[in-house]
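Asker: Single-letter residue listing:
2 protein chains.
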Amino acid sequence: MSSIRTLAGSLGLSITTVSRALDGYSDVAAATRERVRKAADEVGYRPNATARRLRRGTGETVAFVMPTEPGRFYEPVFAEQLAAIGEHLSQHHHDLVLLAARPGADEAALYRRLVEGRRADAFIVVRTRRDDERVHYLQQMGVPFICHGRTDSAAPYAYIDGDGEAGFHALTARLIARGHRRIALLSAPTTLMFATRRAAGWRKAMAEAGLLATLMAEGPHTEEGGHTLASRFLALAERPTVMICATDRMAVGAMRAIENAGLKVGHDIAVTGHDNIPASLYTDPPLTTMELPMREVGQRLAEMVMMRLGGADIRDLQEVRPLVQHPRASSGEGA
Amino acid sequence: MSSIRTLAGSLGLSITTVSRALDGYSDVAAATRERVRKAADEVGYRPNATARRLRRGTGETVAFVMPTEPGRFYEPVFAEQLAAIGEHLSQHHHDLVLLAARPGADEAALYRRLVEGRRADAFIVVRTRRDDERVHYLQQMGVPFICHGRTDSAAPYAYIDGDGEAGFHALTARLIARGHRRIALLSAPTTLMFATRRAAGWRKAMAEAGLLATLMAEGPHTEEGGHTLASRFLALAERPTVMICATDRMAVGAMRAIENAGLKVGHDIAVTGHDNIPASLYTDPPLTTMELPMREVGQRLAEMVMMRLGGADIRDLQEVRPLVQHPRASSGEGA
DNA sequence: TGTAGTATCCAAAACGTTTTGGATTGGAGA
DNA sequence: TCTCCAATCCAAAACGTTTTGGATACTACA
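For the protein sequence lines, the chains are Z and U, in the order given. Read in order, the letters of the first sequence correspond to residues 1 to 335 in my numbering. Read in order, the letters of the second sequence correspond to residues 1001 to 1335 in my numbering.
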C-alpha cells in the first residue's frame, strides 16, 4: 500500500534511508543509494506528489487563469504560450494548473478560492487591464505572480511585456516616411493595457510629424471587430490611406471590408496588424505585422515565476522586450 | 498556523466538528454549523487542498498533455477547448493540469512520471494516433482517461469524436452532385486518426460515384503544408477542380497557391476545410468548412472524465458527434 | 586501550486535513 | 427511578512523504 514503506521493507531499510537515498543526500552509502535507485526503478516507485507537497509545504503549482469572454473570443496566441510554460515548468517539477473565468465576479471568486485553499503558490496573470483587480488582490495577499503585460499599479510588480508603444511608433513613423498622412488606428478596448500602449505609440509618431491623431476607433479585437471599424472609416468623406490594427485578427477583418468596398489592400489602402499569426503570411496580400515571439515569452514567464518563488526581487523581474517587425505587401513594403 | 486548528480553537470546538460542520454532516447542530460557517467566512478559511487530497486519496486532478511538435505548430483549436474543460472541471472542484511534450520519448516519460507520482488521477488524450502508445499505457496501468478522437485499440476505451468520415463523405457527395469529377484530397499525416477518417469519407463518396480516388497527398496540417500540396496539384496536366483540405489552415495555404497561379478560388477551383476557425469567414471568398464545436466538446470531455472517475462504464462513454457543415462561396455554395 | 571523529543508518514527529469509533448529555418512555 | 435512544460532540488514527535529532559501528589517532 504505502509505497515508500513497501519499498523500504523489501530492501530491509528504513523509509528514512530510502527517502534520503533517492534525494541524493550524502549520509547514505554510495552502494546503498545505488541499490535503492535500482529497486525504485524496477517497481516504478515515484514519491506521491501530494504527500511530498503537504510535508514540504509547497504546492509546486502555478496557476494560469484564462480570461474568457462570452461568445467566440479565444486567443490563438494562448495555446503556444501555454505549451511553452507547461514544458518549462515541468522541468522544474512544477505543475501548471489551468483555469478559466469571465473577468468580473467569477474571476475574483476563483482567485480567492485558489489562494485561500492554497491550490496555487504562484500565478501568471495575462491580458492585463489598466486597473487590474487581480493584481491588487495578489499584491494584498502577498502571493507571488508574474504578469504578461503591464498595468497601472502604484506598487511594484513583476512583468514581461512587448514594447507595443515603440513597435507602433516605429511602424507609424515608417508609414509617414512613405508619404502617408491620413493614418487610422483600429484599437482594441483601451481598458486593456496593450491597446493603450499601442495607441500611445501611434499617437506619438503622429504628433512628431505634426499630424492630427484623430482617426481612432476602438472595438473587440476580433475579425468582426476589425471589419466593423474598417467599414466605419471607409464611409468617411476623406478616408484614411492606412489602417493600423491592434491585432492581426482585426486586420483580417479590415482587409475583407476594404476589398468588399472594391479597393485593393496594399495599393489603395495599407493595412497592418500585430501578432504574426501563421495566417498572416497567407492573406492576400501578405499582412504587415509585428510580434513578440510567444514561445520565448512563455519560457521566460516560467523562468520568472521560478525565480520569484526562489525569492528574487520584484525589481529584477521587470522586462520590456522589443517587437520583431515583419513589413510585408499589405502596407506596400516587403516582398 | 494550522488553519482548521486555529479556527477550531477560536470557536472553542474540536477540529472534527469544524470539519464536519463545513462539509454539511448531519451530526452537528444547525446552530453550530452556522456559527462555524460564519467564522470561516470571516477569516477566509478554506481547507488546504493538498492536505485534503492526501487524506481523501484522490488528487482531484486531471492532466492534459499537449502534443507539441518542433517548429510553429500550435493548434488554435486547443485554447477554446482548454478554456471549456478548465471552466467545467473547476465546478467539480477538480484541477486541470496542463503539460506539453513532443510525441515520442519525452511524452512517454512524462506520462510515466504523472501516473507513477500520482500527479493526475485521470487524463485527457488529444490528437489521437492510429497506433497510440499513450492509450496502451493508460489502459495497462488502469488509469481513467478520455480521448478526443479515436484510435485502433482492440480494448475498449472512452472517447468523444467528430464524425469526420460522415462529414467528408457528405461534402464530397455534395460537390459531385454539383458536377465535379476531379476532386483532390489534401490530407494531414495519416498516422493521425482524424486524417484517416476524413480520407475514408472522401474515398467512400468517390467510390459510390464510380470515380477514382487517386488525387490524394498528405503533409503537415499547416498553411505551409496546404500551400505545398496545392502547388503540386496545380502542376498536374489535368488539375483538380476541387481541393478538399483536412483543415482550415491547410485550406488557407491552398487558396493562396491557387491565387498565385492566377486562378480564382470558388470559380476555377473549389476549396474546402475543416474547423471553422474564425478567419474562415473572412477569407476571400469565405471558406466552405465544417466543425465540431470546441466549447461543447470541451465541456463534454470534462463531464465524461468526471463520470469515468465516478465509476461509469467505458462503453457508456463513447460518443461520435455529427459535424456542422458551413457551405460558403469558396466551393461555389452558400452566400 | 580509550577517545574523538566519521560514516551510515533510523525512530518519530510533522504537514493539515478527513474519518472512525466512541463519549457525553438530555429527554422520552417504562 | 431507570433504561434507551437520539443528538451532539470529540480524541486519535490515518493519508505518504520529508526532516530532525539522535544512535550505532567503525576507523584513526594518541
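What the hints contain is simulated information worked out from the structure, not anything from laboratory work. You may find that some hints are simply not true.
[Stated by the list, open to error] Some chain U residues close to chain Z (C-beta under 10 Å, calculated; not the full set):
no.	residue
1	Glu1042
2	His1093
3	Gly1104
4	Ala1108
5	Ala1177
6	Arg1181
7	Arg1182
8	Ala1217
9	Gly1219
10	His1227
11	Ser1231
12	Leu1234
13	Arg1321
14	Val1324
These figures come from a predicted structure and were not determined experimentally. The C-beta atom is built at its ideal place from N, Cα and C for all residues, glycine as well.
Asker: Now, for every hint given, state plainly whether the structure supports it.
Answerer: Hints and how they fare:
no.	hint	result
1	Glu1042	12 Å, violated
2	His1093	9 Å, holds
3	Gly1104	14 Å, violated
4	Ala1108	13 Å, violated
5	Ala1177	29 Å, violated
6	Arg1181	28 Å, violated
7	Arg1182	24 Å, violated
8	Ala1217	18 Å, violated
9	Gly1219	15 Å, violated
10	His1227	7 Å, holds
11	Ser1231	13 Å, violated
12	Leu1234	16 Å, violated
13	Arg1321	19 Å, violated
14	Val1324	14 Å, violated
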